[in-house]
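Asks: The chain contents come next:
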Amino acid sequence: DVKVTQSSRYLVKRTGEKVFLECVQDMDHENMFWYRQDPGLGLRLIYFSYDVKMKEKGDIPEGYSVSREKKERFSLILESASTNQTSMYLCASSFAARGHEQYFGPGTRLTVT
Amino acid sequence: QQQVKQSPQSLIVQKGGISIINCAYENTAFDYFPWYQQFPGKGPALLIAIRPDVSEKKEGRFTISFNKSAKQFSLHIMDSQPGDSATYFCAAPNTGNQFYFGTGTSLTVIP
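Residue numbers (our numbering), protein chains in the order written: chain D, 1 to 113; chain G, 114 to 224.
If you're looking for bench data, these hints aren't it; they were derived computationally from the structure.
All C-beta atoms in this analysis are idealised placements derived from N, C-alpha and C, irrespective of residue type, glycine included.
Taking lysine-lysine and the BS3-like style, the derived pairs with C-alpha atoms no more than 27 Å apart in a straight line are:
hint	chain 1	residue 1	chain 2	residue 2
1	G	K155	D	K18
2	D	K70	G	K155
3	G	K128	G	K170
4	G	K170	G	K184
Label-pair distances were calculated between CB atoms; the ranges are:
hint	chain 1	residue 1	chain 2	residue 2	range
5	G	K171	D	D59	30 to 36 Å
6	G	G196	D	Y10	23 to 29 Å
7	D	T113	G	Q185	41 to 47 Å
8	G	Q185	D	M88	27 to 33 Å
9	G	S123	D	S65	31 to 37 Å
10	G	I223	D	K53	48 to 54 Å
11	G	T221	D	S80	34 to 40 Å
12	G	P153	D	S7	17 to 23 Å
Input sequences plus hints: build the corresponding full structure.
Replies: Okay, structure coming up:
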């Protein structure tokens, strides 16, 4: 079974804090993704990585950065958390070839106060 | 930028009824259209997907119908069960290996 794990299920941070969300996959997938999920807005892509140290901006990258130093690990960084970043964050991974499903982690519910 | 329009936003169906969720897309880089199912507290998981060299794909009670000329595809859940209560997302491929996801449909099946 493919497993995508995320470091925390729930996280509460204060405005201005630096926040790290970690994601690890065990299927040797080339691609990894970070999404945020908000009611009525669905899943919106923040960043995408297709290889170690490679990244591409998604639709809503402002206020976020990412790091991929190892193939299995993809980190999302909120440099200075703000209340409008309160959301559910989902990590996903997939093989590089087109037409392959994305496997999602359980999500991290982040609250910024 | 790819847009995927999904409707309805929420759906309430009696047990045994048919649930229908619709999606429309604008452009596609290649042909692979998945549907994901998400239960509360879980990440989305692939439910069923279609490569539109066919117009329909059926897996058990779940069927995808695809209309390439209209750029629309839909999910039909036959004999809906309370255990099907979840949020459903359609997705359409973007360039590269990305997908654009619909905004989701919250399905409630009443016993």
